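Could you build all of it, start to finish, from the sequences and the hints given here?
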Amino acid sequence: MSKYLILIYQDEAVARQAEGESISASYQEFQRRRGSSLLGGAALHPSSTATSIRRDGSGGFAVTDGPFVESKETLGGYYMIEAADLDEALEIAKEVPAGVGVEVWPVRVAN
Amino acid sequence: MPRAASTEVAAAVADAHRREWAFVLAATVRVAGDIDTAEEAVQDAYASALSKWGGSGIPRNPGAWLTVTARRRALDLRRRAAAAERTLPKLVGPGEPGVDETVVEGMVAEDGDSGDIPDDRLRLIFTCCHPALAFEAQVALTLRLLCGLSTAEVARAFLVPEATMAARITRAKKKIAAAHIPYRVPASSELHERLDGVLSVVYLVYTAGHTAPSGADLMRRDLAERGLELAGLLRVLLPHDSDVAGLLALVLLTEARAGARLNGNRDVVLLENQDRSKWDRQAIEEGVALLREALAARPPGRFALMAAIAAVHDESGSWSETDWHEILGLYDLLMERWPSPVVQLNRAIALGFAAGPAEGLAELDALGAEPQLARYPYLAAARGDFLARLGRLEEARVAFEEALILTDNDAERRFLRGRISELTG
Numbered sequence: 007m008s009k010y011l012i013l014i015y016q017d018e019a020v021a022r023q024a025e026g027e028s029i030s031a032s033y034q035e036f037q038r039r040r041g042s043s044l045l046g047g048a049a050l051h052p053s054s055t056a057t058s059i060r061r062d063g064s065g066g067f068a069v070t071d072g073p074f075v076e077s078k079e080t081l082g083g084y085y086m087i088e089a090a091d092l093d094e095a096l097e098i099a100k101e102v103p104a105g106v107g108v109e110v111w112p113v114r115v116a117n
Numbered sequence: 006m007p008r009a010a011s012t013e014v015a016a017a018v019a020d021a022h023r024r025e026w027a028f029v030l031a032a033t034v035r036v037a038g039d040i041d042t043a044e045e046a047v048q049d050a051y052a053s054a055l056s057k058w059g060g061s062g063i064p065r066n067p068g069a070w071l072t073v074t075a076r077r078r079a080l081d082l083r084r085r086a087a088a089a090e091r092t093l094p095k096l097v098g099p100g101e102p103g104v105d106e107t108v109v110e111g112m113v114a115e116d117g118d119s120g121d122i123p124d125d126r127l128r129l130i131f132t133c134c135h136p137a138l139a140f141e142a143q144v145a146l147t148l149r150l151l152c153g154l155s156t157a158e159v160a161r162a163f164l165v166p167e168a169t170m171a172a173r174i175t176r177a178k179k180k181i182a183a184a185h186i187p188y189r190v191p192a193s194s195e196l197h198e199r200l201d202g203v204l205s206v207v208y209l210v211y212t213a214g215h216t217a218p219s220g221a222d223l224m225r226r227d228l229a230e231r232g233l234e235l236a237g238l239l240r241v242l243l244p245h246d247s248d249v250a251g252l253l254a255l256v257l258l259t260e261a262r263a264g265a266r267l268n269g270n271r272d273v274v275l276l277e278n279q280d281r282s283k284w285d286r287q288a289i290e291e292g293v294a295l296l297r298e299a300l301a302a303r304p305p306g307r308f309a310l311m312a313a314i315a316a317v318h319d320e321s322g323s324w325s326e327t328d329w330h331e332i333l334g335l336y337d338l339l340m341e342r343w344p345s346p347v348v349q350l351n352r353a354i355a356l357g358f359a360a361g362p363a364e365g366l367a368e369l370d371a372l373g374a375e376p377q378l379a380r381y382p383y384l385a386a387a388r389g390d391f392l393a394r395l396g397r398l399e400e401a402r403v404a405f406e407e408a409l410i411l412t413d414n415d416a417e418r419r420f421l422r423g424r425i426s427e428l429t430g
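Here the protein sequences come in this chain order: V and F. Start counting the first sequence at 7; every next residue gets the next number (this note's numbering). Start counting the second sequence at 6; every next residue gets the next number (this note's numbering).
All the given hints hold, so there is nothing to weed out.
Calculated cross-link-like contacts (lysine-lysine; reagent style BS3-like; alpha-carbon spacing at most 27 Å): (1) F/K180 <-> V/K100; (2) V/K9 <-> F/K180; (3) V/K100 <-> V/K9; (4) V/K9 <-> F/K178; (5) V/K78 <-> V/K100; (6) F/K179 <-> V/K100; (7) F/K178 <-> V/K100; (8) V/K9 <-> F/K179.
A few chain F positions that, by computed beta-carbon distances, are all more than 10 Å from chain V: (9) R8; (10) G68; (11) I174; (12) T216; (13) Q279; (14) L300.
Honestly, the hints are just simulated from the structure, not real lab data. Nothing here was measured: the structure is a model prediction, and the numbers come from that model. Beta carbons: idealized from backbone N, C-alpha and C, even for Gly.
Structure, rendered in structure tokens:
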């Protein structure tokens with residue numbers, strides 16, 4: 007089995023509207039159906055609440071408001087999953103009721 | 006087995022490379038566990054064939070001999086890698102389960118020389134053409150792993166530096182390993198969709214050979230032949246699939262005219278002026294039979310429709326007898342389900358021959374704003390041709406000059422210069 011990180015992207019405007027709402031029924035349904043493959047996950051506050059910290063190269067830090075990359079699509083949450091291979095991971099990822107879409111990243115195994 | 010002369014051995018190994026490479030590699034991947042190890046083992050097997058077949062004679066079934074040898078070698082390589090790992094301090098406990106050597110030994114031994122090794126080539130095809138890989142990487146991997154081309158040969162085929170191609174192939178293999186792209190034929194529920202991706206890769210290999218995007222020659226025969234071979238291989242592996250039949254029909258019906266596309270000076274000869282007695286009748290017959298099979302599927306697939314268009318030309322006795330209304334109808338069907346600016350362009354050309362150059366030109370002009378065609382030389386060339394037929398010679402010359410700027414293929418450039426000098430002369 008391999009681990010994959012599913013990054014869930016949504017429209018920033020939609021994310022702001024939904025702030026404060028509890029997790030939607032469609033996500034609850036997804037988690038029920040795919041519970042056995044889910045290792046963890048969380049929903050995030052809108053990107054306007056994020057803070058970026060970049061090393062300045064001389065031992066200090068530059069702290070700025072917002073994520074590294076500002077875009078219309080924003081990270082809204084993630085799942086860590088376990089799957090037999092990429093095909094199974096993609097099958098699970100397609101069921102995530104994401105507003106915009108998801109990215110599937112294989113997780114490195116230390117050896 | 007009788008001893009064999011060294012020239013005979015070299016020829017037999019070259020022949021086995023051509024015919025059996027994909028089979029041997031595909032059968033070795035399962036034992037090797039990863040593509041790089043499998044490739045190394047298969048290369049070693051071919052090298053040992055060169056040195057051993059002289060003494061032992063050329064085996065009755067070279068593919069089976071090479072597969073067994075490559076699998077043994079892959080097993081050795083894995084054992085060696087495992088031993089090397091044991092000498093390193095382990096940071097974490099055992100992660101991936103090791104190979105069960107007794108199982109693998111069994112796989113090697115039971116096959117023997119009997120030739121009943123399972124055909125894994127379809128798995129290899131679906132791994133190379135996995136949609137999670139960039140399309141250009143799918144094409145490169147297919148040529149490298151299924152056709153056995155060296156990285157340098159793949160680089161030359163697409164006119165990119167060898168280092169660029171090597172990096173592209175390495176990146177794709179790393180993704181296969183890191184993301185665990187499976188070595189498996191997709192489940193029947195996704196087979197159709199995944200197969201369409203495979204067919205697109207094979208078709209691109211063929212078209213890149215049929216009309217080279219750039220370079221000295223109109224055609225890259227090596228690539229066109231690989232495309233034809235791959236389409237034929239898919240037909241062998243999936244004999245009942247109508248889309249596969251459609252693709253092979255399309256390739257055969259297009260390839261049938263290849264011998265008439267250049268004259269003695271290697272200049273482009275338009276379909277209109279080709280010597281039709283040079284067309285390959287056997288390929289046309291075979292293509293038409295496959296096309297009938299492909300068209301039996303309702304609704305017909307895009308490759309079957311494109312093959313049907315090629316068949317209208319192939320079966321027409323002369324240019325003037327071409328049934329342009331039939332061709333136009335086929336382009337309409339293509340546009341209904343697979344609309345694209347290129348299909349629209351070809352439809353406009355067919356309309357020009359069916360209804361007259363003024364109608365064709367009007368359709369072409371409507372496509373002028375299409376961003377996908379902005380750098381497509383055939384739009385300007387087709388405009389030039391219709392303008393010339395309408396007697397608007399100055400505008401035709403300007404259009405051909407525009408096409409010339411956008412064309413990188415030397416043979417096509419010579420053709421366009423010829424049209425321009427006719428109009429200025």
